[in-house]
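There are 2 protein chains.
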Amino acid sequence: MKVVFIGAGNVATHLSCIIKEAGHSLLQVFSKTKESSEALASKLQCECTTDYQEIRKDADIYIISVSDRAIDDVVGEIAHVNPEALWVHTSGSVSIDSLKCSRRGVLYPLQTFSKQRTLNNSDIPFFIESNNDEDLKLLKDLASSISRNVHVLDSEKRKFIHLAAVFCCNFVNHCCTLSSNILEEKGIPFYIMMPLIDETIAKLHELSPLDAQTGPAVRFDKNVIDKHLALLENNEDAQHIYSLMSKSIHDNHLKQ
Amino acid sequence: MKVVFIGAGNVATHLSCIIKEAGHSLLQVFSKTKESSEALASKLQCECTTDYQEIRKDADIYIISVSDRAIDDVVGEIAHVNPEALWVHTSGSVSIDSLKCSRRGVLYPLQTFSKQRTLNNSDIPFFIESNNDEDLKLLKDLASSISRNVHVLDSEKRKFIHLAAVFCCNFVNHCCTLSSNILEEKGIPFYIMMPLIDETIAKLHELSPLDAQTGPAVRFDKNVIDKHLALLENNEDAQHIYSLMSKSIHDNHLKQ
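Residue numbers (the working numbering), protein chains in the order written: chain A, 1 to 256; chain B, 1 to 256.
For reference, chain A alone in the conformation it holds in the complex:
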């Protein structure tokens, strides 16, 4: 498949590399930022441009992998580039119908991408969608060539997957940042937490998160909770999060 990538951020970088490795032909990278487009194009050994006018017109598929608010900008250019081709975006929260073109689709990888990391792509869940059966099959073929974990899903449900992902990826990571801040103030390195964190997650492969929950908030052990809140007296944000999370943990367990 001949592919043009619009965007050169974290997601575009990982996704384009994975697609190239699967044997597809990466024609070109477009990014408004010269350094980004050149860096990615050099990785992919393909052309690059910062000018919409110069985007190649002979691709089978245009993959828009930019921040959600930048998608509309790109959409405005579709008519000039190649209005007959298949255009897809990779966003969790943007509807397929934001793409104002006749052949449209979504290729949403449920993963956290940092440029510093290389990933085992075969496990990444991909959620795909198209406004027509032929392109859905094409997207299924493309996604299946890079992952064993491909699902057809509409925009409405995809929004909730994206929201759920914010909790179990972004917020999970931020709880670790807050933990790390607490330790840093006392001169204790964060890596001592890794066996605990690894086991916390390993449990989730066997137990539901509700069943896996431990700690003072489950039984709302006021004695421990009050001690912890006192230790956070100079850290209002973390204190507020501690209170709210503890209450929410307890409420979830009362509902059981």
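In short, the hints are calculated from the structure, not lab data.
In this text, all values refer to a predicted model and were calculated from it rather than measured experimentally.
Please note: incorrect hints may appear among the correct ones.
As the list makes no split between identical chains, a pair holds if one copy fits it or if it spans any two.
Claimed, not checked - No farther apart than 30 Å at their CA atoms in a straight line, the calculated lysine-lysine pairs in the DSSO-like style are these: (1) 100 x 34; (2) 57 x 186; (3) 227 x 32; (4) 137 x 34; (5) 247 x 159.
Go by the hints and put chain B onto chain A.
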């Protein structure tokens, strides 16, 4: 070493089994709850009792592994059982000096224990403390016989490790519960999140949590955040947590 365990909950169960496996002699389990003490004693193939009067007096070490608020009850009985022996507790947040006896110590395993899970104990960090050098050496020998990850740490710093652990274990897990609740309402199974969760944690072995952070809150993408808050309109608790976490993520990145 001849050991008596006071308590038969999650921590007591895991810790006593690990200690027995390392070749120590488990003399007896005490628990106020008959079923618990019998269940653990049968695992350990040792005696059990529910009566303080019947606790054996010939142990080298008494390990108190009960909930924080129950520790004081046990402390009241030390004088009757064996006031000359070494008594230790396994709590993160209770000071060593809560143990009103001449030889006292702490053996705090930094781990989340669920009865359903068996653990690779050799990586569990143990934080030990004693009021005298001889018993500290004894505790170091005991802890080193079950883990390669043993640290001497005072009660003051241990409190902060326990607090930090609540964030990166209990709150991490609860973010996953909230994620799972969102998916469940839409009939989507939680296991589709596991590759994302695994990668979120794998990144923390290479990057600091601050550097690993991704998602809409990093740049405070109001467009996505507002959409997500709207999706949570029937879930006030999760909505409140979402707002607070997003603000806190953004604030932490501004400080960088």
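* Unmet hints by their number, sorted upward, for this structure -> Per hint list: 2 and 4 violated.
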